[in-house]
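Protein chains: 2
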Amino acid sequence: MIAEVLSTGDEVLLGDITDTNSSFLCRRLKEAGIAVGGITAVGDDVNVISHAIETIAARADICLVTGGLGPTRDDLTAEACAEASGAPLERNDVALASMTAYFEKRGWGKNLSRVNEKQAWLPKGAGVLENHNGTAPGFDITIGNCRFFFMPGVPSEMRLMFTGQVKPRLLELTGETGEITVERLMVFGLPESVVGEKLEGFYTRFPEFSLGFRARFPMIEVKLVARQEDGPDINAAKDWVSEQLGRKVISSRGLTLAQETGRLLTEAGQTLSVAESCTGGLIASLITDVAGASEYFLFSATTYANSAKMNILKVSRKTLEDNGAVHELTAQEMAEGARKAGGSDWAVSTTGIAGPTGGTGEKPVGTVCIGVAGPDGASARRFVLDTGDRGRNKLLFAATALEMLRRQLVK
Amino acid sequence: MIAEVLSTGDEVLLGDITDTNSSFLCRRLKEAGIAVGGITAVGDDVNVISHAIETIAARADICLVTGGLGPTRDDLTAEACAEASGAPLERNDVALASMTAYFEKRGWGKNLSRVNEKQAWLPKGAGVLENHNGTAPGFDITIGNCRFFFMPGVPSEMRLMFTGQVKPRLLELTGETGEITVERLMVFGLPESVVGEKLEGFYTRFPEFSLGFRARFPMIEVKLVARQEDGPDINAAKDWVSEQLGRKVISSRGLTLAQETGRLLTEAGQTLSVAESCTGGLIASLITDVAGASEYFLFSATTYANSAKMNILKVSRKTLEDNGAVHELTAQEMAEGARKAGGSDWAVSTTGIAGPTGGTGEKPVGTVCIGVAGPDGASARRFVLDTGDRGRNKLLFAATALEMLRRQLVK
Chain A
1 MIAEVLSTGD EVLLGDITDT NSSFLCRRLK EAGIAVGGIT AVGDDVNVIS
51 HAIETIAARA DICLVTGGLG PTRDDLTAEA CAEASGAPLE RNDVALASMT
101 AYFEKRGWGK NLSRVNEKQA WLPKGAGVLE NHNGTAPGFD ITIGNCRFFF
151 MPGVPSEMRL MFTGQVKPRL LELTGETGEI TVERLMVFGL PESVVGEKLE
201 GFYTRFPEFS LGFRARFPMI EVKLVARQED GPDINAAKDW VSEQLGRKVI
251 SSRGLTLAQE TGRLLTEAGQ TLSVAESCTG GLIASLITDV AGASEYFLFS
301 ATTYANSAKM NILKVSRKTL EDNGAVHELT AQEMAEGARK AGGSDWAVST
351 TGIAGPTGGT GEKPVGTVCI GVAGPDGASA RRFVLDTGDR GRNKLLFAAT
401 ALEMLRRQLV K
Chain B
1 MIAEVLSTGD EVLLGDITDT NSSFLCRRLK EAGIAVGGIT AVGDDVNVIS
51 HAIETIAARA DICLVTGGLG PTRDDLTAEA CAEASGAPLE RNDVALASMT
101 AYFEKRGWGK NLSRVNEKQA WLPKGAGVLE NHNGTAPGFD ITIGNCRFFF
151 MPGVPSEMRL MFTGQVKPRL LELTGETGEI TVERLMVFGL PESVVGEKLE
201 GFYTRFPEFS LGFRARFPMI EVKLVARQED GPDINAAKDW VSEQLGRKVI
251 SSRGLTLAQE TGRLLTEAGQ TLSVAESCTG GLIASLITDV AGASEYFLFS
301 ATTYANSAKM NILKVSRKTL EDNGAVHELT AQEMAEGARK AGGSDWAVST
351 TGIAGPTGGT GEKPVGTVCI GVAGPDGASA RRFVLDTGDR GRNKLLFAAT
401 ALEMLRRQLV K
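Each protein sequence line maps, in turn, to chains A and B. Using my numbering, the final residue of the first sequence is 411, and nothing's skipped along the way. Using my numbering, the final residue of the second sequence is 411, and nothing's skipped along the way.
Please note that a few of the clues may not be correct.
[Stated by the list, open to error] Straight-line Cα separation of at most 25 Å, SDA-like style, residue types lysine to any residue; simulated pairs:
id	chain 1	residue 1	chain 2	residue 2
1	B	LYS248	B	ARG216
2	A	LYS167	B	LEU14
3	A	LYS105	B	VAL384
4	A	LYS105	B	VAL365
5	B	LYS167	B	VAL94
[As the list claims (entries may be wrong)] A few chain A positions that, by computed beta-carbon distances, are all more than 10 Å from chain B:
id	residue
6	ASP74
7	GLY107
8	LYS118
9	VAL195
10	PHE297
11	PHE383
12	VAL384
Don't read these hints as lab results, they were simulated from the structure. Note that beta-carbon positions come from the ideal geometry of N, C-alpha and C, so glycine has one too.
With the hints as constraints, model all of the structure from the sequences given.
Below, the structure written as C-alpha cells:
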C-alpha cells in the first residue's frame with residue numbers, strides 16, 4: 001500500500017512557511033506501516049490542484065491532502081476535487097450540521113454567513129470528517145483506486161482531524177489494529193552518522209521493528225516502533241541499542257537531558273541552583289521548560305559581568321584576576337557560590353566563549369568550563385566545543401553542563 | 001518564467017526531517033522574481049527521480065533539485081538525471097579537479113576513494129557547480145526547455161552553492177541584476193490576520209514592491225522587497241506600513257526586541273539586569289543571543305523559589321505573604337532588587353504562571369506581572385496572556401517584558 005501527501009496553498013510555494021503538515025503526516029503514515037511514495041506542494045489554482053489529484057489517483061492507494069478548505073476565494077480544494085473526480089459539488093447536510101454545531105459551541109450563533117456555507121459544499125458522495133477545532137469540515141472520497149482524505153491546512157486543526165478521524169479509517173484500510181509500541185532513547189555526544197554506524201546490525205537482528213533517528217540538537221532521538229501486537233518483545237531490541245551506544249544514552253525513556261535531570265533530582269528529593277555566564281540563562285530556561293521544575297529548581301544567576309560573578313556568586317577577585325572569567329577555577333567557584341546563594345543540594349555552572357567574537361589563541365571560541373558543586377564537594381572541567389554558530393554553541397554548552405550534572409546524580 | 005523545486009531523499013518521506021531546503025529555495029526564487037509552480041519530494045529510487053525530472057522538464061523553465069549527490073549507494077540523482085535526459089554519465093574532469101582540491105583543503109590527501117570518485121561522474125554536457133563546503137559538486141544541465149540545477153541535500157552546503165553558483169546563473173536567465181532592496185519591520189502585539197487587514201491597501205499603492213509576512217512568534221516580520229534599481233523609493237512604502245501599524249512596530253530595521261533593546265541601551269551607554277521567575281532564564285537567554293550583549297547586560301537572576309526571591313533580590317517577606325509571588329508589587333520589588341544587586345541603570349522582572357498547571361480563578365494560567373526599574377523609579381503591570389502552550393507563554397511573557405522596557409527606553 002502506497003500513500004502520497006499533497007499540500008495545497010501559495011504560502012508554501014512562497015517560502016513563507018515550511019511544510020510541517022507533510023512531515024507530520026509522513027511520520028504518522030510510517031507509524032501506520034504505510035510507505036510514502038512522494039510529497040507534492042501546489043498553489044491556490046484549481047486546475048493545478050485538480051491535475052495533481054488526478055495524477056496521484058492514478059498511481060497511489062491513499063492520498064492525504066491539506067489546505068484550501070477555508071471560506072475565502074483562494075480556498076479551491078473542494079472544487080478541484082470535484083473537477084478531478086467528476087463528482088459535482090453539492091451542499092452536504094452532514095457537513096452543514098457539523099459546522100453549525102461548531103459555530104454554536106464557539107458562541108457565534110447559528111447564522112452561517114454565505115462565505116462560510118461554501119465550506120459545506122463537498123463533492124457528491126464524499127464522507128465528512130468533523131473538525132472540532134475550526135470551521136472547515138474535512139472529507140474523504142475515492143477517486144479511481146485511491147482513497148483521498150482532505151484536511152484543513154491549519155496545523156492544529158489538521159493534526160486533531162488526522163488523529164481523530166483519518167487514522168482510524170487508515171487502519172481499516174490496512175487491517176492493522178493501530179496498536180503500536182514506541183520506545184525512544186535520547187543520545188548525546190555522538191554525531192548521527194556514528195549512531196547510524198553503531199546500529200547498522202539492527203535491521204538484520206530485529207526485522208519486525210522499525211528504527212528511526214531524529215536530530216534534536218544537540219541530542220539524537222532514536223525511536224523504535226513495533227507494529228505487531230504478538231511480535232517479539234521490543235525491550236530486547238531496546239537493550240541491544242543501549243548496549244551499542246553505551247554511556248551516550250542519557251535516557252532510555254526518551255526524556256530530554258533537562259527532563260532526566262529533573263527526574264533524578266525529584267527521585268532523590270534534592271534541589272538545584274545554576275550559575276551561567278556564556279549560556280546566558282539557557283540552562284535555567286531548559287530546566288524550567290519542564291513542568292514541575294519548581295519541585296527541585298530554586299535559582300539561577302546569569303552573571304554576564306565579572307562584577308556580578310563577584311557580587312552575587314562570591315567568586316574571588318584573585319581568581320578572576322589570575323585566571324580570567326573562563327577558567328576551571330572560576331567555574332568551580334561559580335558553582336559553589338550558586339549552591340550557597342540558593343541553599344540547594346547541587347549546582348552547575350558554565351563560563352566560556354560562545355562566539356563569534358571573544359576567542360583567543362589560548363581560549364578559542366568554543367572553550368567552556370563547567371563546574372558541578374554537590375554534597376561531596378565541587379569540581380570543574382574544560383571543553384572546546386565549537387559548532388561554528390553562537391546559538392548552537394550555547395545549546396551544546398548547556399547540554400554538556402546538564403550531562404556533567406546527570407553523571408554525578410547517577411553515581 | 002516558472003520554476004519548480006524537487007527534493008530527493010527518503011528522509012523527507014519518512015518524516016524524519018522537514019523540507020527546509022525547499023522553503024529556502026522558494027524564498028530565494030521569490031526574491032529573484034521567479035514564480036514557483038510546485039514543490040515535489042521523492043525518495044531514493046532512480047526510476048521515481050527520473051520520472052519526476054522528465055515530468056518537470058516538460059512543464060517548467062527552471063528546476064532546482066536537492067539531494068542524492070553523496071557517495072553512497074542511496075545517492076542516485078546523477079544517474080536519474082542521465083536516464084531522464086538521455087545524456088550518459090561520464091567522468092567529469094572539472095568536477096574531479098574540484099573535489100580533489102576540496103580534499104586537499106580538508107587535509108585528506110589527493111587519494112579519492114572509489115566511493116567518492118563516483119561523485120565526479122556527471123551527465124555528459126553538464127556544467128559543474130563547485131561545492132566549497134562539502135565533497136559533492138553540483139551540476140546544471142538543460143533538459144528540453146528546462147534548465148536544471150542539482151545541489152547537495154545538506155542544507156549548509158546547498159545554501160552556499162545556491163548563493164555562490166546558482167543565483168548568478170538564474171539572474172542571467174531572468175536578465176535582472178539581482179540587486180534587490182529589502183526592508184524589514186518587526187511587529188509585536190497584533191495577530192497576522194490583523195496585520196494583513198491593516199496593510200491591504202499596499203498592493204494598489206505600491207505595485208512595484210512585494211510584501212511578505214513571516215511569523216516569528218511572538219513577533220511578525222513584515223518584509224518589503226524591491227527588485228528594480230530605478231524604481232520608486234522603498235522608504236515611502238516603508239513609511240506607509242509604519243503608519244498603518246503605529247506603536248506595534250518595534251523596529252523599522254527588522255531588529256528583534258532583544259536586538260532593538262540592546263541597541264537602545266548601547267546608544268544610551270546604559271546597563272541592564274533582569275529578574276525572572278516564570279520565564280525561567282528565557283529573557284536572559286534572548287538578550288545574550290545578541291552578540292555584544294556584554295556591553296550592557298550585567299546580570300540576571302531566575303528566582304524560581306520564593307526563598308531565592310527574598311535572599312537574592314531582597315523581595316520583602318511581607319509582600320510575598322500578603323500578595324503572593326505573582327503580583328505587581330512582587331514584580332516591582334524583584335525589578336528594584338535586580339537593579340540594585342547588578343548595579344545597573346535598568347532592570348526588568350517577570351513573575352507569572354506559564355501553565356499548564358498553577359492557575360487559579362483569581363490568577364489563571366497566562367497571568368504575568370512585569371516590573372521595570374530605572375533611574376526615575378519603578379513600576380509594574382499585570383497581563384493575562386495565555387496561548388494554551390507553556391513554551392509559547394514563556395516566549396510571550398519574555399517579549400512583553402522587553403517591550404515594556406523598550407517603551408521606557410524610547411521616552
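Do the hints match the structure? See the list:
no.	hint	result
1	B:LYS248 to B:ARG216	15 Å, holds
2	A:LYS167 to B:LEU14	17 Å, holds
3	A:LYS105 to B:VAL384	23 Å, holds
4	A:LYS105 to B:VAL365	22 Å, holds
5	B:LYS167 to B:VAL94	20 Å, holds
6	ASP74	12 Å, holds
7	GLY107	18 Å, holds
8	LYS118	19 Å, holds
9	VAL195	13 Å, holds
10	PHE297	5 Å, violated
11	PHE383	19 Å, holds
12	VAL384	19 Å, holds
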